[in-house]
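Engineer: Residues per chain, in single letters:
Number of protein chains: 2
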Amino acid sequence: MGTLVNMNLEEFLAELASESPAPGGGSVAALAGALGAALSSMVCHLTIGKEAYQDVQTDIKATLKESEQLRRQLTDLIDKDTEAFNEVMAAVKLPKETDAQKDQRRQALQQAYKNATCVPLQTAGFCEKVLDIALRVAQKGNKHSITDAAAAALLTQAGVDTALLNVRINLGALKDTAFVQKTTLEVEALSQKTKEKTATVLRLVEASL
Amino acid sequence: MGTLVNMNLEEFLAELASESPAPGGGSVAALAGALGAALSSMVCHLTIGKEAYQDVQTDIKATLKESEQLRRQLTDLIDKDTEAFNEVMAAVKLPKETDAQKDQRRQALQQAYKNATCVPLQTAGFCEKVLDIALRVAQKGNKHSITDAAAAALLTQAGVDTALLNVRINLGALKDTAFVQKTTLEVEALSQKTKEKTATVLRLVEASL
Chain W
-18 MGTLVNMNLE EFLAELASES PAPGGGSVAA LAGALGAALS SMVCHLTIGK EAYQDVQTDI
42 KATLKESEQL RRQLTDLIDK DTEAFNEVMA AVKLPKETDA QKDQRRQALQ QAYKNATCVP
102 LQTAGFCEKV LDIALRVAQK GNKHSITDAA AAALLTQAGV DTALLNVRIN LGALKDTAFV
162 QKTTLEVEAL SQKTKEKTAT VLRLVEASL
Chain V
-18 MGTLVNMNLE EFLAELASES PAPGGGSVAA LAGALGAALS SMVCHLTIGK EAYQDVQTDI
42 KATLKESEQL RRQLTDLIDK DTEAFNEVMA AVKLPKETDA QKDQRRQALQ QAYKNATCVP
102 LQTAGFCEKV LDIALRVAQK GNKHSITDAA AAALLTQAGV DTALLNVRIN LGALKDTAFV
162 QKTTLEVEAL SQKTKEKTAT VLRLVEASL
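These protein sequence lines map, in sequence, to chains W and V. Residue -18 is where the first sequence starts when you use the numbering used here, and the numbers rise one by one after that. Residue -18 is where the second sequence starts when you use the numbering used here, and the numbers rise one by one after that.
One thing to keep in mind: the hints can contain errors.
[Claimed, not checked] The calculated SDA-like cross-link candidates involving lysine to any residue, where the alpha carbons are at most 25 Å apart (straight line), are:
| # | chain 1 | residue 1 | chain 2 | residue 2 |
| --- | --- | --- | --- | --- |
| 1 | V | LYS77 | W | HIS125 |
| 2 | W | LYS176 | V | LEU185 |
| 3 | W | LYS176 | V | ARG149 |
| 4 | V | LYS176 | V | GLU47 |
[Said to hold, decoys possible] Computed footprint of chain V on chain W, listed as stretches where at least three residues anywhere in the stretch have a Cβ under 8 Å from a Cβ of chain V:
| # | segment |
| --- | --- |
| 5 | 11 to 22 |
| 6 | 48 to 59 |
| 7 | 145 to 158 |
Rather than coming from a laboratory, the hints here were simulated on the basis of the structure. Beta carbons: idealized from backbone N, C-alpha and C, even for Gly.
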């Protein structure tokens, strides 16, 4: 288990608030997605075995399985994002006196920034899947917990938006034009699709209040 | 220190995902606000003592003090929200055989629901203040950390929206019409003001990317 996910909430918040630049937004984005997945799992649990929801038992059990897998994947990304950021910091500190050193540092930086782009992109991708789960849960889950499905979508959307900002800022440091173009298109697609999904969940919840 | 804030992230997420209805969206809303405050504090720390930000040192130090206080207040609300929810559950389980018991249960439920309304309303109010901090931090803080100011606003807005949904759902159980009307107006005002504040932070960050 990673260093950050072993901290209690109080300690994690203090570490986040500290003068160390990591953990930062990227790890928080993964945590937000994990919170969204956890809230979705809770609504599944509160639906399973309930007589009024007999028709959706198979579907909700399958949804719970997916939701719990996404929770684990996003939890792992909390530490992975900070590790990726620390690799960038380590590359920045490499010596740059000789031409060979400069070259090596440039390569290490490009590699580290690429990884620091891929990690939050993965976070955003998993968050998109959590939004699909939140929608299913809002549609079919226990109506007494429908605001928790909305909470899941709201937290997860904050996770996507934060993760995509981190992708964009790190893309700015990359020289691989093809990668930058491809990733920029992915960012735009993820941003649009997730906003639509979250809006659908919220409309559904609003209609039921 | 409360029970939930003493859990590590992994444990908290597992407890959230479990079949127990608390913690739920309300505690997560307070956590989201605390994460927003912590991210704002980090940007303050990364600005303090930096020569390029000499002109804003006094302002940023005062902002950090406020931000850290809000972080503590929102951290306290993580456990308080779950306690308020548990009080509602306890009132639901009170005996309701005699007329006297029914009366007592009704009163206990009204009291518990009122508290379960006030706690997320307080969360939303503190989150609004975190958004003011995030705006100051985006305007005056270290430009290298400006995406963290955006992350602070995004998480905090998810906190507000989630908290206000919880206020609205609990208001539905209350008979005190004057309280319901007054609180509904507060909810609408908080919802509108916070959305504007978050949009301002995000516009500022977008312009600087």
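Engineer: Now, for every hint given, state plainly whether the structure supports it.
Structural biologist: A quick look at each hint next to the structure:
The hinted pair formed by V:LYS77 and W:HIS125 meets the criterion: a straight-line CA distance of about 22 Å does not exceed 25 Å. Note on W:LYS176 and V:LEU185: the hinted pairing holds, with a Cα-Cα distance of about 20 Å set against a maximum of 25 Å. The hinted pair formed by W:LYS176 and V:ARG149 meets the criterion: a straight-line CA distance of about 23 Å does not exceed 25 Å. With a CA separation close to 21 Å, the supplied pair V:LYS176 and V:GLU47 stays within the 25 Å bound.
For the segment 11 to 22 of chain W, the assignment as covered by chain V holds, since 8 residues bring a beta-carbon within under 8 Å of that chain's beta-carbons and 3 suffice. By the rule of at least three residues with a Cβ nearer than 8 Å to a Cβ of chain V, the coverage given for the segment 48 to 59 of chain W holds, with 5 such residues. Only when three residues or more bring their CB closer than 8 Å to a CB of chain V does the claim for the segment 145 to 158 of chain W stand; here the count is 5, and the claim holds.
Violation of the numbered hints given earlier is absent; every hint is satisfied by the structure.
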